[in-house]
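Participant: For the sequence shown, the positions run 1 to 85 when this note's numbering is used.
If you are wondering where the hints come from, they were derived from the structure by calculation, not from laboratory data. All values reported here derive from a predicted model rather than from experimental measurement. Treat the hints with care, since some could be wrong.
[What the hints assert, rightly or not] Between beta-carbon pairs, the in silico distance windows are: (1) S31 x P58: 43 to 49 angstroms; (2) G50 x L4: 37 to 43 angstroms; (3) P57 x L4: 33 to 39 angstroms.
Using N, Cα and C, we set each Cβ at its ideal position, and we do this for glycine too.
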Amino acid sequence: MGSLSPWHWAIIAVVVIVLFGSKKLPDAARSLGKSLRIFKSEVRELQNEGKPQPAPPPATPVESERVEHPAPPAPEQNHTDAKPA
Numbered sequence: 001m002g003s004l005s006p007w008h009w010a011i012i013a014v015v016v017i018v019l020f021g022s023k024k025l026p027d028a029a030r031s032l033g034k035s036l037r038i039f040k041s042e043v044r045e046l047q048n049e050g051k052p053q054p055a056p057p058p059a060t061p062v063e064s065e066r067v068e069h070p071a072p073p074a075p076e077q078n079h080t081d082a083k084p085a
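I would like the entire structure built from these sequences, with the hints used as guidance.
Facilitator: Right under this line is the structure:
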């Protein structure tokens with residue numbers, strides 16, 4: 001008497017379909033699943049709240065290549081003062 005037989009479950013399913021309609025059931029199931037995911041993530045977050053977070057590994061310096069740019073050529077100066085020899 002404590003457990004429900006398969007016939008009881010079938011009758012309950014038919015009543016739910018009649019009450020809510022077949023169009024609203026997928027939306028209700030989707031929102032129930034979303035709520036359960038949120039609830040599980042919050043419970044997991046509360047369980048991890050008291051535990052210390054692992055420290056990130058120290059950063060290792062990376063050697064980079066030094067690129068030297070050649071100096072730009074000096075512009076030629078035209079002297080109009082000088083007389084040709």
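Participant: Going back to the hint list, which numbers does this structure go against?
Facilitator: 3
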